[in-house]
Structure formats: structure tokens, C-alpha cells
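Given next are the chains, with one letter for each unit.
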Amino acid sequence: MQELKTLIWKEVALEWRQRYAVSGMLLYVGSTIFVCYLSFKVNQSDLTPIVWNTLFWIILLFTAVNAIAKSFAQERLGRLLYYYTIASPKTIIISKIIYNSLLMLLLAGIGFGFYVLVMGNPVADLGLYIISIILGSLGFASVLTLVAGIASKAENSATLMAVLSFPIILPMLLMVMKLAKNALDGLDRSVSLDEIGTLLAIDAIVIALSYMLFPYLWRS
Amino acid sequence: MKKAWWKVLTVVILAYVIFQGLLGTIPRQPILNETIRNLYFHVTMWFAMITLLLVSMIFAVRYLRSDNVIDDDKSAAFAKVGIMFGILGCLTGSLWANYTWGGFWPNDPKLNSAAVGMLIYFAYLLLRSSFEDEQRRARISAVYNIFAFFIFMPLIFVLPRLTDSLHPGNGGNPGFSSIDLDGRMRMVFYPAVIGWILLGTWISSISYRLKVIQRTQEERVAESAVGHRAEVNG
Numbered sequence: 001m002q003e004l005k006t007l008i009w010k011e012v013a014l015e016w017r018q019r020y021a022v023s024g025m026l027l028y029v030g031s032t033i034f035v036c037y038l039s040f041k042v043n044q045s046d047l048t049p050i051v052w053n054t055l056f057w058i059i060l061l062f063t064a065v066n067a068i069a070k071s072f073a074q075e076r077l078g079r080l081l082y083y084y085t086i087a088s089p090k091t092i093i094i095s096k097i098i099y100n101s102l103l104m105l106l107l108a109g110i111g112f113g114f115y116v117l118v119m120g121n122p123v124a125d126l127g128l129y130i131i132s133i134i135l136g137s138l139g140f141a142s143v144l145t146l147v148a149g150i151a152s153k154a155e156n157s158a159t160l161m162a163v164l165s166f167p168i169i170l171p172m173l174l175m176v177m178k179l180a181k182n183a184l185d186g187l188d189r190s191v192s193l194d195e196i197g198t199l200l201a202i203d204a205i206v207i208a209l210s211y212m213l214f215p216y217l218w219r220s
Numbered sequence: 001m002k003k004a005w006w007k008v009l010t011v012v013i014l015a016y017v018i019f020q021g022l023l024g025t026i027p028r029q030p031i032l033n034e035t036i037r038n039l040y041f042h043v044t045m046w047f048a049m050i051t052l053l054l055v056s057m058i059f060a061v062r063y064l065r066s067d068n069v070i071d072d073d074k075s076a077a078f079a080k081v082g083i084m085f086g087i088l089g090c091l092t093g094s095l096w097a098n099y100t101w102g103g104f105w106p107n108d109p110k111l112n113s114a115a116v117g118m119l120i121y122f123a124y125l126l127l128r129s130s131f132e133d134e135q136r137r138a139r140i141s142a143v144y145n146i147f148a149f150f151i152f153m154p155l156i157f158v159l160p161r162l163t164d165s166l167h168p169g170n171g172g173n174p175g176f177s178s179i180d181l182d183g184r185m186r187m188v189f190y191p192a193v194i195g196w197i198l199l200g201t202w203i204s205s206i207s208y209r210l211k212v213i214q215r216t217q218e219e220r221v222a223e224s225a226v227g228h229r230a231e232v233n234g
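Sequences listed follow chains S and U, in order.
Quick note on numbering: the first sequence equals residues 1 to 220 in our numbering.
Quick note on numbering: the second sequence equals residues 1 to 234 in our numbering.
If you are wondering where the hints come from, they were derived from the structure by calculation, not from laboratory data.
All values reported here derive from a predicted model rather than from experimental measurement.
Please note that a few of the clues may not be correct.
Under the rule of at most 25 Å between Cα atoms (straight-line distance), these lysine-lysine pairs were calculated in the DSS-like manner [to be verified]:
(1) Lys153(S) to Lys80(U)
(2) Lys153(S) to Lys10(S)
(3) Lys70(S) to Lys10(S)
(4) Lys153(S) to Lys7(U)
(5) Lys181(S) to Lys90(S)
(6) Lys41(S) to Lys153(S)
Chain U regions said to be covered by chain S (calculated; three or more residues, Cβ under 8 Å) [stated by the list, open to error]:
(7) 87-99
(8) 107-119
(9) 126-135
A few chain S residues facing chain U, derived, Cβ under 10 Å [as the list claims (entries may be wrong)]:
(10) Ile86
(11) Val143
(12) Val147
(13) Phe214
Glycine included, C-beta positions come from ideal geometry on N, C-alpha and C.
All chains, full assembly: derive it from the sequences and hints.
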């Protein structure tokens, strides 16, 4: 447990010293949202709730893929060997998942704020929408961390990251978009319990798999 | 694996299935009419695909525990044949959809989930091809194989049931169990599943045995080169 806390703190501290990744990703989110805003400004009345919702989640998806891909790519080889000697791989993967979840929560939160600012706010049930953002961020982080680990071991890692992550993240993305749409429409919360349950189940499966499989990845 | 009895069985079963499937009597249902024959091909191929991918995943787990590269060869071979059955399943399903639902690819969650599942496994093939070192390739693709399988299963079973779907068995439609799968059809259906699985196993076994032979040949060439040089120098 102490090891876990130290590892998470290490990630946060390293990031805080030279805020490349976080500021880079914040800029990425901001610019993408702004581009969408400018493109849709032409006829804003045509922005149906479905389009609003889908666009937001697609932006978040691409942000997640980029941000989490960096989490493995940044470490240089010598440092990786050093971590190998001091920490167990299971703790490392859990610490990376937790750190990536925190990062995604930050990016999603700020992204949502900016998105609402420029694109308007048709959300009826804001509480449930925020819950969907939280579940979505956790979900993206847990799925993409292991995939980033796999991709970082290969040659053409950027292409591979994209190709590997999109099919795998699709079920989760569809569930989250459905949940968010329910929140947007203001449906009764009990209607969405199925989706929330499924999302938590997929999260649990993925985190358990990452926990068990990462040590094999680490060895090579 | 070198015994021939199950290969003969495969040929016999599949011949029976194809003959019965295309010429035997079938119950007539509205909309489906003659296309219900596709039940023997489309559904059975998907069953076979899932079984083959399951076997592939089991060999991947075995590889991670044993580090024996032959397990990885088997895992890859079964995955490739599984993917082939998946593509055939998609094609037969698409053909069926054209006659019953009005188009080759109606916007249906189960079809879309199946396509995404195929994409996941195509990405597996891409991953395998992007490594040079054999051990690394084996280990990392084994990890991805296990991960992909556990994502694929909820994707095609759980998700379509939660939404509206044209597909039988999901979204409120009755499955094929009570209405159409009467005794006559069951007699062709179950052998068909077994037949396709056996065919898949046959193809995979040839594939991985070829790989093993290839590797043994390469090692033999490498060793003889080293031996020759040692003779020349020493």
C-alpha cells in the first residue's frame, strides 16, 4: 500500500515539475473544442443534443488515447529497469491506472467546462451527466493503460496504440454515450442503472485483467 | 494429432451438413422461408469461431505460464482460423440479412458489435506482425489475446441484449430455441457445430505444425553454420 502511494506520488510529482504532458493535453482538449465550436458556429441551431453529446465524447476519446499513450512512452529505458528492481509490476500497473484516472478526470472536467462554455448546455440532469463523465474517465483510463503498455513495447507504437485502442474501447464508449444521453434527456435515473452496472462490470473486468497480465508484459 | 479418424469424421459430418442443409426438409416460417437453411451455416460458424477463439486464449494462458513457444504457435493458429470463421459468419449473416431484413448491413447493434469484435482480432494480427523478436512477440500477443477475448465476450453477448436489436435472441426477439429449432433442424445443427470446430482444429493444427517445422529448419541451418565455422576456425 505504501509502495502504491509512493508510486502515484512519483507520477504526480514528476508531472508537476515539468508540466509538459498535462499542459499539452489541456491545450489539445481546448483547441479541439474550439475548432468544433468554430465549425458549428455557422448554424448553431442545428446542433441537436445527440450531436452535442457524441461530439463531446469523441473529443474525450481522442484526448484519452493521446494522454494515456504518453504515460508509458515518456519513461526512458534506464529508468524502467530501475523501477523493475524496486517495485512489483502489479503495484506499478495499479499506480498507473490510478494516475491516468486522475489525469482523465482533470481533463474531462476542464474539457466539459470549456465545452459547455462555448457550445451551450442542453443537459437536463447535470448530476447524472457528471457521474457519466466520472465513470467514462475511469473506464478510459483502465482500458487504455494496459493497451498503452502493450503498444509501448512494439516498434510503431503510435499507430499501434490507435489501432489497438479503438475497437477495444468501443463497448465502453457506447455504454457511456448512452448513459450521457439519458442524462442529457433528463430521463429518470433508475432507467440508467443497467448502463451504470455494465460500465462498472467492464471496469472491474479490465482492471482485474490488467492486474494479472501486466507482470508478463513487464518482463520483456 | 496425427490420427486420421477425426479428420475422416470432419469430412463426413460436413458433407452431411451441406447435403442436408441445402436439400433437406425444413420448417417453413414467414419471412424466413428457405433462408432458414442459413441457420446451419451462419450460427454454427459463429459457435465454431467462439470455440476456436476460446482455445486460442487458453493456449495464450498456457504460453504465459510455460514459456514454450509452441503454445504461442498454437494460440496464433487457432486465432487466425477463428478470425476466418468470424469473417465467414459475417458474410453468411450479411447474405441472410439481405433476404430477410432488406439490406446487407442494417444498422443493428449485434452486427456492429460483431464487426468491432472482428476489428479487435485484426488488431491482434497487426500486433503480431509488428514484432521481430519471437519471444517478445509471443508474450505480448498472448497478453493481448487474453485481454481481447474478455472484451469480445461481453461485447457480443451482453451489449446487444441491452439494446433494441433485429437479431434473434436479443432486444426482445425470441431466440431460435423453441420456435424453429425442431427435431429435424437440431439433427443437422449440432453435427454442423461439431463439424466446423473439427475443421477449424484441422486447419490450425496444420498451420502450427508448419510453423514448428519452419523453426526447426531455421535452427538446424543456424546450428550447421555455427558448426561449420567452428570447424573452419578450430
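Okay, the hints, checked on the actual structure:
Restraint check for Lys153(S) and Lys80(U): satisfied, since their Cα atoms lie roughly 22 Å apart, inside the 25 Å limit. Restraint check for Lys153(S) and Lys10(S): satisfied, since their Cα atoms lie roughly 22 Å apart, inside the 25 Å limit. Of the supplied pair hints, the one linking Lys70(S) and Lys10(S) holds, its CA atoms being roughly 16 Å apart against a limit of 25 Å. Proximity of Lys153(S) to Lys7(U) is assessed by CA-CA distance (about 40 Å); at most 25 Å being required, the pair is judged violated.
Under the criterion of a C-alpha separation no larger than 25 Å, the hint pairing Lys181(S) with Lys90(S) is inconsistent with the structure, at around 36 Å. Pair hint Lys41(S) plus Lys153(S) does not hold up; C-alpha atoms about 42 Å apart against a cutoff of 25 Å. For a cut-off of 8 Å, the count of residues in the segment 87-99 of chain U with a CB near a CB of chain S stands at 0, and the three-residue condition is violated. Coverage of a stretch by a chain is defined here by at least three residues with a beta carbon nearer than 8 Å to that chain's beta carbons; for the segment 107-119 of chain U and chain S the count is 4, and the condition holds.
A stretch counts as covered by a chain when three or more of its residues have a beta carbon under 8 Å from one of that chain; for the segment 126-135 of chain U and chain S the count is 6, and the coverage holds. Restraint check, Ile86(S) versus chain U: the minimum CB separation of about 22 Å is more than 10 Å; hint violated. For Val143(S), the interface hint holds, since its Cβ comes within 10 Å of a Cβ in chain U; the closest pair sits about 8 Å apart. For Val147(S), the suggested interface contact is upheld, since its CB lies about 8 Å from the closest CB of chain U, less than 10 Å.
With 10 Å as the threshold, the beta carbon of Phe214(S) comes within range of chain U, its nearest partner Cβ sitting at about 8 Å, so the hint holds.
The structure is inconsistent with the numbered hints 4, 5, 6, 7, 10, although it conforms to all the rest.
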